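Quick mapping for you: the protein sequence lines, in order, are chains A and B.
Heads up, the first sequence is in my numbering, so the first residue is 24 and it goes up one at a time.
Heads up, the second sequence is in my numbering, so the first residue is 203 and it goes up one at a time.
Keep in mind that the hints were calculated from the coordinates and are not lab data.
If you're wondering where the values come from, they're calculated on a predicted model, not measured in any experiment.
Idealized CB from N, CA, C, for every residue including glycine.
Please note that a few of the clues may not be correct.
With the Cβ distance kept under 7 Å, some of the chain B side facing chain A (calculated, not the full set) [stated by the list, open to error]:
1) A220
2) T223
3) T224
4) P234
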Amino acid sequence: MSRFWLLMISLVPLLGATRTIVQAISISLCACLLTGLHQALMAPLRRHLAQGASLWASAVLTATLVTCLYLGLRAWALPLADELALYPLLLALPCLACEQLLPHAHRYHQLCRGLGGLLLASLALGICRQVLADNLDLHIATLAPGALILLGLLLGLYNHLRPSTTSPSRQGSR
Amino acid sequence: MSARWRSAACLSLLALLAVVTTLAWQRFTAKPIAQAQRQWHEQQWLTVLPPGSYDNQPLQTALALADTSLRHSRLLAAYRATLAGAPTAILLHNRFQGYGGAIEMVIAINTQGRLVGMRVLEQQESPGLGDQLADPARQWLDQFIGRAQENTPEQAWAIKRDQGAFDQLAGATVTSRAVIAAIQDALRYFDDHRPALLGEARP
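Here chain B stands alone, though its shape is the one from the complex (with noise of 0.2 Å):
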C-alpha cells in the first residue's frame, strides 16, 4: 500500500513541477517570441519595397480607410512609406478568396500609380500548382511590376486564356485570376484615394 502511495505522491509532485516549469518557460519566451515575430514580420512585408526607397517604418503607423471592401477583395490595412518626409510608396494589404482558400497580399505601389512589389503573406492553395505564387524562385508575380491602371486597359486585366495580357500560373486559373483582379482592385483603391493615402490631402 504504501508503495502505491509513493508512487502517486511522487507522481502528483512530477505533475506539479511540469506545469511550474511550462508556465515559467512561456512567461520567460512571451518577450523573446513577440520581439522575433514582430522582427519577421516587417522583414517578409518590407521586401516589396526596392532597398533605400524609405527611411521611415512604415509598419509603425496604419493609415485610416475610407471604404475597406473592394470589388473583388478586402483591405486589411494601408501603410505608407516615406524618404526624407516625402511619401514614396503605399503598402496595402489585401484578403481575397484564392482556390484553396483566402489569400493575403501584400501589394506596394509608388507615388505614379505604378506597382512596385509584391508578396503572399497567406495562402492555402493547392500544393505544386496554386502554392507557386508564394515561391519567390517561380517570379510569376513580377510580371505586374511597373504595371498601373494607366498603362494597362481595362480588359488586359486578365489571364491570356480571357484574352488579357498576363501569363497564368499553370494549372492554376483561378488563382491567377483572383491574384489578377485583387491587384486590380489595390490599384483602383489607389487611385481613388490617393490625396487621402499620400497625406496631400488637408482635412
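Next up, chain A with everything else stripped away, as it sits in the complex (with noise of 0.2 Å):
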C-alpha cells in the first residue's frame, strides 16, 4: 500500500474545499473526527458481525455520522457550511475505504500516521492557495484544477526532500 493511501481517497474533499486556510483546516477536522469516530464505533461490531455484514454497519454507520457532522455544521457554522458546501459529506468516501484498506496489524497507528498526513497535506495546500490567490493574484489557485497541479507539486516536493525508504538493494543493478 502506497504511503499516501489515505490522501489519495480523500482526494475529492482535499482539492474542493482547501481555498483558504480556514477551509482547510475545517475540512481536515472533519475528517480525522469522522475516520476517527467511525473506527472508533465499529471496533466493538466487528467482533459480533460476520464479514459481509459488516460492511453493511460501516455503511450504515458512515451515512449517519456523515448526516449529523453535515446537520451541525448547518447549525452552528452556517457560513462555514455555505463555503464547504457538499463535500463534508463527501467525506464518508474515506470512512469507507478506511475501513476496509487499514490492515489489521497496526491499524491504529497507521491510521493515525494517514491522518496526521492528510491533516498536513491539507495545510500545506491551504496555505499555498490563500498565500497565490491573495498575494499573487493567481486565480488558478482558487479553482480546483489548480489545487490539483499545486498537490503534485507538494507532493513531488515532499518526496525530493525525504529520501526513499526502499533499500538500494531491492532497487536492482544495472
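Could you fit the two chains together into a complex? Lean on the hints.
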C-alpha cells in the first residue's frame, strides 16, 4: 500500500474544500473526527458481525455520522458550511475505504499516520492556495484544477526532500 | 447458523439505532438551522444598505407588488427600509437570465431614485469570468452606485461596446448586459411605482 493511500481516497474533498486556510483546517478536522469516530464505533461491532454484515454496518454507521456532522455544521457554523458546500458529505468515502483498506496489524498506528498526513497536506494546500490567490493574484489557485497541480507539486517536493525508504539492494542493479 | 442470526440481529439493531439517532439529531438541529439561515440571509441582504441608514427590520414585511414581470427580469419581492418612521430606501429582489442560468440580485434604491447598493444572491455564471460579479473584491457593481434614470439617459444603460456608459466584466459580455438591463428594470419599476413603494399613496 502506498504511503499516500489516505490522501488518495480523500482527494475530492481535499481539492474541493481547501480554498482558504480556514476551510482547509475545518475539512481536515472533519475528516479526522469522522474517521476516528467511525473506527471507534466499528471496533466493538466487528466481533459480533460476519464479514458481509460488517460492510453493511460500516455503511450505515458512515451515513449516520456524515448526516449528523453536516446538520451540525449547518446549525452552528452556517457561513463555513456554505463555503464547504457538499464536500463534508463526500468524507463518507474515505471513511468507508478506511474500514476496508486498513490492515489488521498496527491498525490504529496506520490510521493516525494517515490522518496526520492528511491534516498536514490539507494545511499546506490551504496556505499555498490562499497565498497564491491573495498575494500573487493567481486565479487558478482558487479553482480545483489549480489545487490538483499544486498538490502534485507539493507531493513532488515532499518526495524530493524525503529520501526513499526503499533500500538500494531492492532497486535492482544495472 | 446461530452466528449468522446473531449477525443479522446485530445489524438490524444497528440500523434501527442509526435511523433513530439521525431523526433525533435532525429534530434537535432544526431550530438552530432555521435561525442561522434567517440570520445569514438578513446579513447578506442588508449589506446593500449603508449602515445607520435604517432602524427597522426591512425583511420582516414584504410590500405588495403591482406588477412582477418587468422587461428583462422578474420582481420577486420588495421591502422598505425606514429611519425614524420615514422611508430611506427600497430593496428590490429580482431574478433574470444570465449566461449560465438565473441570477438573483437585491438592488437598493433610495428615495431620490438613486442606486445605493447591489448584491448578487444567486448565480451560476462561468467560473473565473462571469462569477466575478458576485466577488465583492472586484467592485464591478460599484460603478452603478449613485446612478438614476434622471442622471443617465436611456441609451447610456449599456456596456461601452454597445455605445453605453458602463465598463463590462472582462470575458463576460452576456452577464454584463443582463445585469445592466436588470438594474435599469429595477429603476424603471421604482420610478413608475414610487408612491406605492414609499407608502405615500393612501388608498
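Please flag the earlier hints that this structure goes against, numbers listed from lowest up. none
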